[in-house]
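Turn these sequences into a full structure, and let the hints steer you where they fit.
The lines below spell out each chain.
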Amino acid sequence: MTSIDDLKSRVNKIEQGGQEKYHEKNKEKGKLFVRKRLALLFDNGIDIEDAFFANCIDDSLPSDGVVTGIGEINGQKVCVMANDSTVKAGSWGKRTVEKILRIQETADKLELPMIYLVDSAGARITDQIEMFPGRRGAGRIFHNQIKLSGRVPQICLLFGPSAAGGAYIPAFCDIVVMVDGNASMYLGSPRMAEKVIGEKVTLEEMGGARMHTAVSGVGDVLVKTEEEAIQYAKRYLRYFPANFRSRPSLADGREVKPFEKSISEIIPENQNAAFNMYDLIDRIIDEDSFCEIKKKFAAELITGLALIDGRSIGIIANQPRVKGGVLFTDSADKAAKFIQLCDAFNIPLLFLTDVPGFMIGTKVEREGIIRHGAKMLSSMSEATVPKISVIVRKAYGAGLYAMAGPAFDPDCVLAFPNAQIAVMGPEAAINAVHANKIAALPEEERAAYIKEKQDEYRREIDIYRLASEMVVDAIINPDDLRKELITRFAIYEDRNIIFTERKHGVYPV
Amino acid sequence: MADVRASMAGNVWKINVKPGDVVDEGQDVVILESMKMEIPIVAEDNGTVKEVKVAEGDFVNEGDIIAVIE
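Residue numbers (full-length UniProt numbering), protein chains in the order written: chain A, 1 to 509; chain B, 1 to 70.
There could be a bad hint or two in this list.
[Claimed, not checked] Under the rule of at most 25 Å between Cα atoms (straight-line distance), these lysine-lysine pairs were calculated in the DSS-like manner:
| no. | chain 1 | residue 1 | chain 2 | residue 2 |
| --- | --- | --- | --- | --- |
| 1 | B | K14 | A | K451 |
| 2 | A | K36 | A | K21 |
| 3 | A | K483 | A | K453 |
| 4 | B | K53 | A | K363 |
| 5 | A | K147 | A | K109 |
| 6 | A | K453 | A | K437 |
[Stated by the list, open to error] One-sided and incomplete, this derived list gives chain A residues near chain B with beta-carbon spacing under 8 Å:
| no. | residue |
| --- | --- |
| 7 | A273 |
| 8 | P320 |
| 9 | A422 |
| 10 | G425 |
| 11 | K451 |
| 12 | D455 |
Hints were generated in silico from the structure; no laboratory data involved.
Even glycine gets a Cβ: it sits at the ideal position worked out from N, Cα and C.
The following block contains the structure:
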């Protein structure tokens, strides 16, 4: 055999991954081979792959169970690490970890997005001294991720387990896409939970894709198949620049989807009636351009990327249809991370406000709603990208502040003609201020008195009065909102501000 | 069989179904009143209402069962 033939035969062998039986097992679960995943992800296959021969002296560990390299998505170079679960269940040895570290460091040097295709059982316990505790041990992966955060987009596609320490890879990514039925994240497996704390629970209940995308919020997007996960990642990246230094590129603008009813026809006059905020979003963005994040988690607040005349924007919108659009601990956290994501990559923000305030009561106070709400306010306040705040119906209490109210340096606050801005709504305010008086009145006089006071209160907080005081910058016809936003986002594009000078804030977490 | 649960604490303002009614996924089963807002509570699956566990005016806590659908 010539040396060239020898090389070819070695390459061929390594490219096959682990033993056939593991390929079969994966196939049964609807899981694709790592190289097939990469072929679907990249426009034209992997351009460069380093440490392909990692651990090649051991026949049983081709590429040491991970593929790392660079390829193109939508014409943009990106760095990738992808576990091979046919090789010792995708577990990490010393060289696996070193390969991951090197591709992260490449992403850092070249300022390219970093994508993690995760399908790994975690550390190889047999190799722990070499791969766990040291300077170039697995901890360094997370250190690198934290350093990369906000410099380049980091995406995690979770195809299988992400166990114990490994579960921190998704945690430090901007976004985690989970494949229903196969993806999971957990610090201790169900077996360990039973042994150590006596809990009997299934993997799906404790760390499955549905749980994490709806309850814990550690996952962001639930998909049915691996192909769908890969398509989502490709679509998501279109809204982003390669790194924090640049802006998202302008796409070709599309018309808004046609609807029978206009915006002014769909918004209920009654502030307290439920209303579906998606109906408004669909009427202002380019058709089919909404890329939602955390759809199932804290649904009382909607977060997602969209195009408006081809411009990438981030939308934060209260959803009155769910929990009245009231802000809770989870919705505040959801907003905080989404705002940080958009601000890091120069994506302007649109706040669509219809909020009765933050939730009150014992339950949320015990959960620390004040500190969670403070997180949302911090992120929103610090964001230096263009910010437009639209008061759709009501903006009560700290809800006004959290949704980029006038004091938080938005480029403008626009209001619809029926908008109400106040410390609290008329019903609550009159009860609070006139409680004693109401109680003292004879029963039959109360309703009339309350109504009179509420009407008085409504006049007090009339939106034209607030416009007169220049609290809002403009009152607009709801049907002109899209046009207004297109013009304003184009004008605010060059907003160039530095929030303040310091090392970093002390964040309320 | 699926429980319809209160998404947040509040008062039962309006009950839209009675036992025996056929409901579709996403249909409003009950409307709560909380934080001065109307809060629709929807069926998460298609089915028939087996039982309504609350009356108009009742206070419910987050997670309380409002109705049972099968």
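Hints versus structure:
1. K14/B <-> K451/A: holds, 22 Å
2. K36/A <-> K21/A: holds, 17 Å
3. K483/A <-> K453/A: violated, 38 Å
4. K53/B <-> K363/A: Roughly 23 Å separates the two Cα atoms, so the pair holds.
5. K147/A <-> K109/A: Roughly 12 Å between the alpha carbons, so the hint for K147/A and K109/A holds.
6. K453/A <-> K437/A: Roughly 11 Å between the alpha carbons, so the hint for K453/A and K437/A holds.
7. A273: holds, 6 Å
8. P320: With a minimum Cβ separation of about 7 Å from chain B (threshold 8 Å), the hint on P320/A holds.
9. A422: violated, 12 Å
10. G425: Hint on G425/A: holds, closest Cβ of chain B at ~5 Å, below 8 Å.
11. K451: K451/A check fails; min Cβ-Cβ to chain B is 15 Å, beyond 8 Å.
12. D455: violated, 16 Å
Figure legend: structure checked against the earlier numbered hints; hints not met, in rising order: 3, 9, 11 and 12.
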